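Asker: Chains as they are written, first to last, in numbering that gives the first Met the number 0: chain A, 0 to 73; chain B, 0 to 442; chain C, 0 to 165.
Quick caveat, the hints were computed from the structure, so don't treat them as lab data. Hints are supplied without guarantee of correctness; some may be wrong.
Derived, one-sided and incomplete: chain B residues facing chain A with beta-carbon distance under 10 Å [unchecked claim]:
id	residue
1	GLY76
2	SER278
3	ASN291
4	ARG311
Here are the simulated DSSO-like cross-link-like pairs (lysine-lysine), alpha carbons at most 27 Å apart as the crow flies [what the hints assert, rightly or not]:
id	chain 1	residue 1	chain 2	residue 2
5	A	LYS35	B	LYS309
6	C	LYS139	A	LYS34
7	A	LYS35	C	LYS93
8	B	LYS209	A	LYS34
Predicted, not measured: the structure shown is a model, and the values here were computed from it. For each residue, glycine too, the CB sits at the ideal point set by N, CA and C.
Below, each chain spelled out in residue letters.
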Amino acid sequence: MTSRRRTWLAALILASIVFPGCATVHPWDRDLLAKKSMRLVPLPHELAADDHIYFSKEGSAGGMDAAGGGCGCN
Amino acid sequence: MQLSAASTAANVRQRLGAAACLLLAGSLPAAAQAPAPPAWQLEATGLLYGEQARARVVEPMGRVTRLYANGRALSLGLAVDAVTGASPTGALPSSQVQTTTGASGRTTTTTTSSSILPTHTFEDLRTAVDLGWVEPLGTMLSVTTSAHYSREQDYASLGGGLKSSVELPGRRITLTLGGGYNRDRVFPSGGTPMGLAPDSDPRAPGDNPKEVTTGLVGLSHVVSRRWLLGVTASESREQGYLTDPYKVVSLVDPATQLPVAQVTEKRPATRTRDDVLGSSVYHLDHDILYVNYRYYWDDWGVRSHTLDLKLRHVLGVASWVQPHVRVYGQAPAWFFVYGLTHGPPLPEFASADERLGPLRTTTFGGTYGFHVPGSRGEFTLRAEFLYQWLVGHPPQPDETASGGGGGDDNLRRAIAAGDNGTDDGRHLGTSIGTLLIGYTVPF
Amino acid sequence: MRTPWTITLALLLFAVSAPATAKPPAKPLPAAPAFSLAGRDGDVSLASLRGRTVLVDFWASWCGPCRRSFPWMNDLQRRYGARGLTIVAVNLDKDREFATTFLAELPASFTVAFDPTGQTAERYKVKAMPTTFLISPDGKLLATHTGFDARHAPEFEAQIAEALPR
Numbered sequence: 000m001t002s003r004r005r006t007w008l009a010a011l012i013l014a015s016i017v018f019p020g021c022a023t024v025h026p027w028d029r030d031l032l033a034k035k036s037m038r039l040v041p042l043p044h045e046l047a048a049d050d051h052i053y054f055s056k057e058g059s060a061g062g063m064d065a066a067g068g069g070c071g072c073n
Numbered sequence: 000m001q002l003s004a005a006s007t008a009a010n011v012r013q014r015l016g017a018a019a020c021l022l023l024a025g026s027l028p029a030a031a032q033a034p035a036p037p038a039w040q041l042e043a044t045g046l047l048y049g050e051q052a053r054a055r056v057v058e059p060m061g062r063v064t065r066l067y068a069n070g071r072a073l074s075l076g077l078a079v080d081a082v083t084g085a086s087p088t089g090a091l092p093s094s095q096v097q098t099t100t101g102a103s104g105r106t107t108t109t110t111t112s113s114s115i116l117p118t119h120t121f122e123d124l125r126t127a128v129d130l131g132w133v134e135p136l137g138t139m140l141s142v143t144t145s146a147h148y149s150r151e152q153d154y155a156s157l158g159g160g161l162k163s164s165v166e167l168p169g170r171r172i173t174l175t176l177g178g179g180y181n182r183d184r185v186f187p188s189g190g191t192p193m194g195l196a197p198d199s200d201p202r203a204p205g206d207n208p209k210e211v212t213t214g215l216v217g218l219s220h221v222v223s224r225r226w227l228l229g230v231t232a233s234e235s236r237e238q239g240y241l242t243d244p245y246k247v248v249s250l251v252d253p254a255t256q257l258p259v260a261q262v263t264e265k266r267p268a269t270r271t272r273d274d275v276l277g278s279s280v281y282h283l284d285h286d287i288l289y290v291n292y293r294y295y296w297d298d299w300g301v302r303s304h305t306l307d308l309k310l311r312h313v314l315g316v317a318s319w320v321q322p323h324v325r326v327y328g329q330a331p332a333w334f335f336v337y338g339l340t341h342g343p344p345l346p347e348f349a350s351a352d353e354r355l356g357p358l359r360t361t362t363f364g365g366t367y368g369f370h371v372p373g374s375r376g377e378f379t380l381r382a383e384f385l386y387q388w389l390v391g392h393p394p395q396p397d398e399t400a401s402g403g404g405g406g407d408d409n410l411r412r413a414i415a416a417g418d419n420g421t422d423d424g425r426h427l428g429t430s431i432g433t434l435l436i437g438y439t440v441p442f
Numbered sequence: 000m001r002t003p004w005t006i007t008l009a010l011l012l013f014a015v016s017a018p019a020t021a022k023p024p025a026k027p028l029p030a031a032p033a034f035s036l037a038g039r040d041g042d043v044s045l046a047s048l049r050g051r052t053v054l055v056d057f058w059a060s061w062c063g064p065c066r067r068s069f070p071w072m073n074d075l076q077r078r079y080g081a082r083g084l085t086i087v088a089v090n091l092d093k094d095r096e097f098a099t100t101f102l103a104e105l106p107a108s109f110t111v112a113f114d115p116t117g118q119t120a121e122r123y124k125v126k127a128m129p130t131t132f133l134i135s136p137d138g139k140l141l142a143t144h145t146g147f148d149a150r151h152a153p154e155f156e157a158q159i160a161e162a163l164p165r
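Isolated chain A, as found in the complex:
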């Protein structure tokens, strides 16, 4: 993917995140969001194990956390 396409992709993703904010979310509408399962990472220990597994077995890097540990396996 060229650098210009990447910029467009990033802008598109950013726009799709920021813009669909039409519905008002009142503080009392946060009942569902208060659940532990309503997080971008609901089970951190599963993400940590997966990061480790896929980092060792594939060519890509996680990207979820800035300070991941090293293991020299990729």
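Given chain A, put chains B and C in place with the hints provided.
Answerer: What follows is chains B and C alone, placed relative to chain A:
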């Protein structure tokens, strides 16, 4: 009785107490959102990993977190990785004897058949420790500092990171900015090989440094009562020793199509990695759907797409089940080869490591979670099956003059024929099973 | 592409800066918005509480700090009830079942009203959970407190005591 002017001024003054129900949508760990005391949280996890006829990993992990009333959290994590088994060397199958130096340092002699991929056996123990500190600053801002150290037989890593999250007014959008720095040392067993030199050549003793700098920016958005969206972009720069010291590349005789020699692999000394991750959490009537998509690219030519889907379905009052599917596809590094042709001069870089090849991984499995009755602890049990394989033609024709592209095509067919007897373009399939047990308890 | 960065930076600076504690000139106190909601035994209306100091607390079962505020409110009702304090805890759960379960665990000696649609909360311009409003015996809005922090409770209690009918 009249109230004082001060009280009047305080009339509609809003004091956002530190304990107001702010939802820093997913950017703060669960610890910071914990309601009342408990002041501690313990997480114990065990990972069991097995590849068909290859590596076995047992990894227990533990984490203790201390929580404070103002939202501060301190955590200490420990993980021990015991790895045993066999890993492909990168050499092509051959009925002749092949020798490689494994991670244990001793030369391993492997007699192979034309249908089995040569592997070397190894045993390693990796210990990792990490510290984390989350500090809320005011009610909208939070800063996380982390440090970690890991050590295994031939690799040591020391690093730290800083991340800050700010919730924008309106409390719908949270911005995160983070950076990390790692300083690693690679000291291969048996010494560091010269890249693209015969495996039997003497190896240099000593350490090889490696530096990794990472930056990330993230945004999460509460779209509606049911829908949370997140996007994260990160870049990391690596420099130093990035080669796998135990992997080799076969040299194939153009006439017989058989591997006749092998050289150690060699990768560039720098690597810039980029990725963009989009995440969505949507609460349906009773279930929650998690969708994650990541696009990754780096300057080695590796590009990948990852799509991850999970559905959390609540069973009873205290248990749930979460099926999971993940599909992954990767384009190979530009210097990835299945083998090189014996005779002509060697290229500058070459690697036959399947992890840099045209890889596909499919995962499916599920997690079962349940609360222990009477206690506040929660168990999760996850079983997954992964299947990984290489597909397609190599990106660059081999540098031989055997018809431009013919060399590598012949190699690929030779592997495919040896691997499963047919030339269906798919080979080196590996089956992997994992079991992950987790237990979290506040106290 | 510098403009989005300038906006982002400006937003960040705005978000991080503490709200100014300026003292505006004395304004007449606004009237607390009226409400009439279903309670545990019959309706609860603000009009019927004229002459008493009212503490209106907006809460929900899924809100952690609300859990911590209940014992404090129970204590306040017990000590100041006879002196003219009425606490009305307005529940904002979408499903009353959740509130009932919460109250079974943490009983409330004060009045509880139910506002599942959030209309009253909207009229009161509730910005976070919980939010507590102090209303004078003549129906004027005296103070608004967002969140519950036990460290600030004594200060708030002093404010309430001062507002009690003489």
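Asker: State for each hint whether it applies.
Answerer: Checked hints:
1. Taking 10 Å as the C-beta contact cut-off toward chain A, the hint placing GLY76(B) at the interface holds, the least distance being around 9 Å.
2. Nearest Cβ of chain A to the Cβ of SER278(B): about 5 Å, under the 10 Å cut. The hint holds.
3. Among the interface hints, the one on ASN291(B) holds; its C-beta lies about 9 Å from the nearest C-beta in chain A, closer than the 10 Å criterion.
4. Interface hint at ARG311(B): satisfied, since its Cβ lies 6 Å from the closest Cβ of chain A, which is below the 10 Å cut-off.
5. Of the supplied pair hints, the one linking LYS35(A) and LYS309(B) holds, its CA atoms being roughly 15 Å apart against a limit of 27 Å.
6. Taking the CA atoms of LYS139(C) and LYS34(A), the gap is about 36 Å. The hint is violated against a cut of 27 Å.
7. Note on LYS35(A) and LYS93(C): the hinted pairing holds, with a Cα-Cα distance of about 18 Å set against a maximum of 27 Å.
8. Distance restraint check for LYS209(B) and LYS34(A): the Cα-Cα separation of roughly 41 Å exceeds the 27 Å cut-off, and the hinted pair is therefore not satisfied.
Of the numbered hints listed earlier, those contradicted by the structure are 6 and 8.
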